[in-house]
Amino acid sequence: EAQVTQNPRYLITVTGKKLTVTCSQNMNHEYMSWYRQDPGLGLRQIYYSMNVEVTDKGDVPEGYKVSRKEKRNFPLILESPSPNQTSLYFCASSLSGKWGYTFGSGTRLTVV
Amino acid sequence: ILNVEQSPQSLHVQEGDSTNFTCSFPSSNFYALHWYRWETAKSPEALFVMTLNGDEKKKGRISATLNTKEGYSYLYIKGSQPEDSATYLCAFPNSGGGADGLTFGKGTHLIIQP
Chain A
1 EAQVTQNPRY
11 LITVTGKKLT
21 VTCSQNMNHE
31 YMSWYRQDPG
41 LGLRQIYYSM
51 NVEVTDKGDV
61 PEGYKVSRKE
71 KRNFPLILES
81 PSPNQTSLYF
91 CASSLSGKWG
101 YTFGSGTRLT
111 VV
Chain B
1 ILNVEQSPQS
11 LHVQEGDSTN
21 FTCSFPSSNF
31 YALHWYRWET
41 AKSPEALFVM
51 TLNGDEKKKG
61 RISATLNTKE
71 GYSYLYIKGS
81 QPEDSATYLC
91 AFPNSGGGAD
101 GLTFGKGTHL
111 IIQP
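Chains as they are written, first to last, in our numbering: chain A, 1 to 112; chain B, 1 to 114.
Keep in mind the hints are simulated off the structure, nothing from the lab.
Mixed in with the good hints there might be a few duds.
Calculated pairs, BS3-like style, for lysine-lysine (alpha carbon to alpha carbon, straight line, at most 30 Å) [as the list claims (entries may be wrong)]:
| id | chain 1 | residue 1 | chain 2 | residue 2 |
| --- | --- | --- | --- | --- |
| 1 | B | Lys42 | B | Lys69 |
| 2 | B | Lys106 | A | Lys57 |
| 3 | B | Lys59 | A | Lys98 |
Generate coordinates for the entire structure from the input sequences, incorporating the hints supplied.
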């Protein structure tokens with residue numbers, strides 16, 4: 001089944017404890033993005049990747065890192081999470097801009 | 001940051017009624033316009049990707065139109081059913097090819113009342 005797999009679905013962590021949210025797609029998509037969803041603010045892009053080893057900042061990149069060492073994987077890294085990073089996170093991938101993006105199932109992160 | 005706006009923010013519709021809502025986007029350098037449906041506790045799913053001015057796309061009871069010259073798109077739902085309750089998002093590619101992702105509107109939250 002063609003899909004974007006995100007893990008974990010839910011995570012509660014403490015301030016400052018490094019964490020990684022994994023994202024993997026099996027559709028050979030070149031384009032991948034991370035978004036966060038906050039009430040009243042809509043989906044905002046954190047980072048994106050156009051291909052292997054090609055990543056760049058989106059609208060809200062502060063406090064996040066990404067890597068794209070293989071085409072299928074695009075992990076989101078929070079080196080030192082803070083409470084303002086409590087949010088719902090989505091990974092998404094696409095073959096091209098004229099195709100819709102396929103979203104992962106989301107990660108609900110709480111930083112206390 | 002691109003300006004993608006949706007209205008209304010929320011909408012209550014009686015079952016069986018038809019409804020529509022709007023997405024406005026930058027009319028210059030148009031490449032594509034995406035519509036997504038997002039049900040509670042699920043992830044957004046692509047409904048349509050529209051690329052041509054005047055284009056109309058249809059999926060079941062849901063259809064969308066596109067006006068690239070004036071920068072708006074309408075989403076229509078005919079004969080609303082409870083399963084249509086969801087948030088409907090429109091999105092505009094950040095660059096010509098969409099390789100750098102999408103900018104989303106804040107969505108229209110649709111509630112169908114039995």
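These are the hints, each one checked on the structure:
1. B:Lys42 to B:Lys69: violated, 34 Å
2. B:Lys106 to A:Lys57: Satisfied, since the Cα-Cα distance of roughly 21 Å is no more than 30 Å.
3. B:Lys59 to A:Lys98: Given pair B:Lys59, A:Lys98 holds - Cα atoms ~17 Å apart, limit 30 Å.
Checked against the numbered hints above, the structure breaks only hint 1 and satisfies the rest.
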